[in-house]
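Just so you know, the protein sequences line up as chains R and X, in that order. Heads up, the first sequence is in numbering that gives the first Met the number 0, so the first residue is 0 and it goes up one at a time. Heads up, the second sequence is in numbering that gives the first Met the number 0, so the first residue is 0 and it goes up one at a time.
These are calculated hints, taken from the structure and not from any lab test. Because the structure is a prediction, the values reported are computed rather than measured. Fair warning: there could be bad hints in the mix.
Taking lysine-lysine and the DSS-like style, the derived pairs with C-alpha atoms no more than 25 Å apart in a straight line are [as the list claims (entries may be wrong)]:
| no. | chain 1 | residue 1 | chain 2 | residue 2 |
| --- | --- | --- | --- | --- |
| 1 | R | K131 | X | K11 |
| 2 | R | K152 | X | K65 |
| 3 | X | K11 | X | K79 |
| 4 | R | K60 | X | K79 |
| 5 | X | K65 | X | K20 |
| 6 | X | K53 | X | K79 |
| 7 | R | K119 | R | K131 |
| 8 | R | K152 | R | K213 |
| 9 | X | K11 | R | K60 |
| 10 | X | K34 | R | K152 |
| 11 | R | K43 | R | K131 |
| 12 | R | K131 | X | K37 |
| 13 | X | K34 | X | K10 |
| 14 | X | K65 | R | K131 |
| 15 | R | K119 | X | K53 |
| 16 | R | K213 | R | K43 |
| 17 | X | K37 | X | K82 |
| 18 | X | K82 | R | K152 |
| 19 | R | K43 | R | K118 |
| 20 | R | K131 | X | K82 |
| 21 | X | K20 | X | K37 |
| 22 | R | K253 | R | K213 |
| 23 | X | K34 | X | K65 |
| 24 | X | K34 | X | K82 |
| 25 | R | K152 | X | K79 |
| 26 | X | K53 | X | K65 |
| 27 | X | K79 | R | K131 |
| 28 | R | K382 | R | K419 |
| 29 | X | K65 | R | K60 |
| 30 | R | K220 | R | K392 |
| 31 | R | K131 | X | K10 |
| 32 | X | K53 | X | K20 |
| 33 | R | K419 | R | K253 |
| 34 | R | K253 | R | K382 |
| 35 | X | K53 | X | K82 |
| 36 | R | K419 | R | K220 |
| 37 | X | K37 | X | K11 |
| 38 | X | K82 | R | K60 |
| 39 | X | K82 | X | K20 |
| 40 | R | K253 | R | K43 |
For reference, the chains in residue letters:
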Amino acid sequence: MSRRVVVTGLGVVSPNGMGVPAFLDAIRNGVSGIRHVPQYEALKFNCQVAGLPQFEWERLKNYVSEVTFHGLQGRAIAYGLMAAVDAWRDAGNEAGGDQTLWDTGCVFGSSVAEVETVKKIFNRVDAGEARKLGSRVVEQFMNSGITAYISGKLGLGNRIIANSAACATGTQAILMGYEYIQQGMAKRMLVGSSEHVDPYIFAAFDSMRILSRKFNSEPEKASRPMSRSAGGFVPGSGAGALILEDLEYALQRKARIYAELLGGACNSGGQRNGGSMTAPAAPGVIRCITDALANARVRPESIDLISGHLTATAADTLEIQNWCLALERNGCNFPLINSLKSMIGHSLSAAGSIEAVGTVLQIRHQFAHPNINLEDPNGEILKLIDLSRMPVKKVDTPINIVAKANFGFGDVNACLIFSKYNQHG
Amino acid sequence: MDRRAILEELKKVLEPYTENKELLGNIDEQTDLVKDLKINSSNLVDVIIDAEAKYDVEIDFDSAEKMFTVGSCIDVIQEKVNK
């Protein structure tokens, strides 16, 4: 029996909106979450803007006990926990019951553990104060810190996995959760990813000279995917979470169904054929997209919208070319395509899950969000697809099937196929 | 520093680690930190680190192992303070 997997809950911590209602409003209206960061100017970074959630630490008290709150410092943990618990509640569940939920697991990823927490450890240890570290640092620097907090809060008792695949992490987490349910290993999976780009991580990307540096005085214009003036990405932070559920299980408990996840694929170009540590190999990307379509049993002409990776670097053109080749569609026949990164920047591991939340919302509310800052479309891209395929204003249109892909360092790719829920499949 | 004064300060140290604050209202020297106040045993390390800062003392590992009731905490702190 082939199990169907549906999305029943969403949670998001995004630079342009805390929580689903604010985020939905922001992506409908093309609201930027990119801001100037005075600290980055003081640190002499080339890029001095970032996508930072308007996050108040005190709000965490609604998510953890007072004892847990005392001593919690990790931002990626905070973002991830908040998005995950919001998604859980959004799906109509109570958070924090006494029972272990054996049928529910979690795949939640990040790129790096809490670097700022690790810095505090370095400082203490180097000062000869190792004994003052206390009991709360290990749980915050371990890579599974976020999943440990989430599963502990909700009592999740199935597989608990912290995955990491650079910028494909979030997309990969969602696919892993989908596969566990499909295989009958779990009834529900809480999936997503989280990232806090602190100054140290930011600096490492800045030094690679791949960040946007010409719009420091106009932060909202700094992230410009698919445009001629795209000069690098803008790092962002945040988290996205989805509740994936076996359709039968969801119907039984009369859950609200946002959308269906039809399938997906995850692979690597092997850093061959033009692929490298930092660049995706075209054959790998194309294969990932066609494998995802085959897995989802969807024909390329059925795709209404692509939620691209599209970070605002030179790789944008290559990405569009790969989509054209994989779908065998181009010009006016190309699907609509948008990049949430135009509004919130690139939140590395969190990108895939925040963009997936955006994808599900576009299906639920039948619109394609705008690409902001697309004032000067890249001429090379216009040779491949028609200008009308890259909306600069919200488009209200039937959105039945969306392809969501992300590509990460290490030449890793992940692609998901979401669909509007139709009870007859 | 007399035992009464240490107890009052100790309550403040224990407060962030005690989920049910009402339990702090009627503590006495017999109160067990883990059994009675329901403090997570892994947090006893943090209680000791905070107590060190509060009373400006250093509590060695051997002394710390004795600190499982309010009374034994006061014993150790009093000994270190008066040293």
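Verification of the hints:
With a C-alpha separation of about 19 Å, the suggested pairing of R/K131 with X/K11 holds against the 25 Å cut-off. Taking the CA atoms of R/K152 and X/K65, the gap is about 32 Å. The hint is violated against a cut of 25 Å. For the hint linking X/K11 to X/K79, the alpha-carbon distance of about 19 Å falls within 25 Å, and the restraint holds. Proposed proximity of R/K60 and X/K79 is contradicted: the alpha carbons are some 36 Å apart, above 25 Å.
Restraint check: the Cα-Cα separation between X/K65 and X/K20 comes to about 24 Å, which is no more than 25 Å; the hinted pair holds. Our distance criterion of 25 Å between C-alpha atoms is met by X/K53 and X/K79, whose separation comes to about 12 Å. For the hint linking R/K119 to R/K131, the alpha-carbon distance of about 11 Å falls within 25 Å, and the restraint holds. Proximity of R/K152 to R/K213 is assessed by CA-CA distance (about 43 Å); at most 25 Å being required, the pair is judged violated.
Our distance criterion of 25 Å between C-alpha atoms is met by X/K11 and R/K60, whose separation comes to about 20 Å. For the given pair, X/K34 sits about 22 Å from R/K152 by alpha-carbon distance, which is consistent with the 25 Å threshold. At roughly 33 Å between alpha-carbon atoms, R/K43 and R/K131 are farther apart than 25 Å, so this suggested pair is violated. As the CA atoms of R/K131 and X/K37 are separated by approximately 23 Å, the hinted pair is consistent with the 25 Å bound.
This hinted pair checks out: X/K34 and X/K10 have alpha carbons roughly 16 Å apart, not beyond 25 Å. Taken as a hint, the X/K65 and R/K131 pair is honoured in the structure, with Cα atoms around 18 Å apart against an allowance of 25 Å. This hinted pair checks out: R/K119 and X/K53 have alpha carbons roughly 21 Å apart, not beyond 25 Å. For the proposed pair R/K213 and R/K43, the alpha carbon gap of about 14 Å is at most 25 Å, so the pair holds.
For a cut-off of 25 Å, the pair hint linking X/K37 to X/K82 is broken: about 31 Å separates their Cα positions. Our distance criterion of 25 Å between C-alpha atoms is broken by X/K82 and R/K152, whose separation comes to about 44 Å. Between R/K43 and R/K118, the direct Cα distance comes to roughly 20 Å. Compliance with the 25 Å bound is thereby established for this hinted pair. For the proposed pair R/K131 and X/K82, the alpha carbon gap of about 21 Å is at most 25 Å, so the pair holds.
With a C-alpha separation of about 11 Å, the suggested pairing of X/K20 with X/K37 holds against the 25 Å cut-off. Between R/K253 and R/K213 the CA atoms are separated by roughly 51 Å; this puts the pair beyond 25 Å, and the hint is violated. Restraint check for X/K34 and X/K65: the C-alpha separation of about 15 Å stays at or below 25 Å, so the hint holds. Taking the CA atoms of X/K34 and X/K82, the gap is near 30 Å; set against the 25 Å cutoff, the hint is violated.
Proximity of R/K152 to X/K79 is assessed by CA-CA distance (about 39 Å); at most 25 Å being required, the pair is judged violated. The hinted pair formed by X/K53 and X/K65 meets the criterion: a straight-line CA distance of about 18 Å does not exceed 25 Å. Distance hint between X/K79 and R/K131 is fulfilled; the C-alpha atoms sit about 17 Å from each other, no more than 25 Å. A C-alpha spacing of about 31 Å is found between R/K382 and R/K419, which places the hinted pair above 25 Å, so the restraint is violated.
At roughly 33 Å between alpha-carbon atoms, X/K65 and R/K60 are farther apart than 25 Å, so this suggested pair is violated. Between R/K220 and R/K392 the alpha-carbon distance is near 15 Å, which keeps this suggested pair within the 25 Å criterion. Restraint check for R/K131 and X/K10: the C-alpha separation of about 20 Å stays at or below 25 Å, so the hint holds. Restraint check for X/K53 and X/K20: satisfied, since their Cα atoms lie roughly 20 Å apart, inside the 25 Å limit.
About 17 Å separates the Cα atoms of R/K419 and R/K253, which keeps this hinted pair within 25 Å; it holds. With a C-alpha separation of about 48 Å, the suggested pair R/K253 and R/K382 falls outside the 25 Å cut-off, and the hint is violated. With a C-alpha separation of about 16 Å, the suggested pairing of X/K53 with X/K82 holds against the 25 Å cut-off. In summary, the hint linking R/K419 to R/K220 is not supported, as the alpha carbons are separated by about 32 Å, beyond the 25 Å threshold.
Annotation: proposed proximity of X/K37 to X/K11 holds, straight-line Cα distance about 16 Å (limit 25 Å). For the suggested pair X/K82 and R/K60, the alpha carbons sit about 40 Å apart, so the restraint of at most 25 Å is broken. Distance check on the hinted pair: X/K82 and X/K20 sit about 32 Å apart at the alpha-carbon level, beyond 25 Å; violated. Between R/K253 and R/K43, the direct Cα distance comes to roughly 54 Å. Violation of the 25 Å bound is thereby established for this hinted pair.
Of the hints listed earlier, those the structure fails to meet are numbers 2, 4, 8, 11, 17, 18, 22, 24, 25, 28, 29, 34, 36, 38, 39, 40, in rising order.
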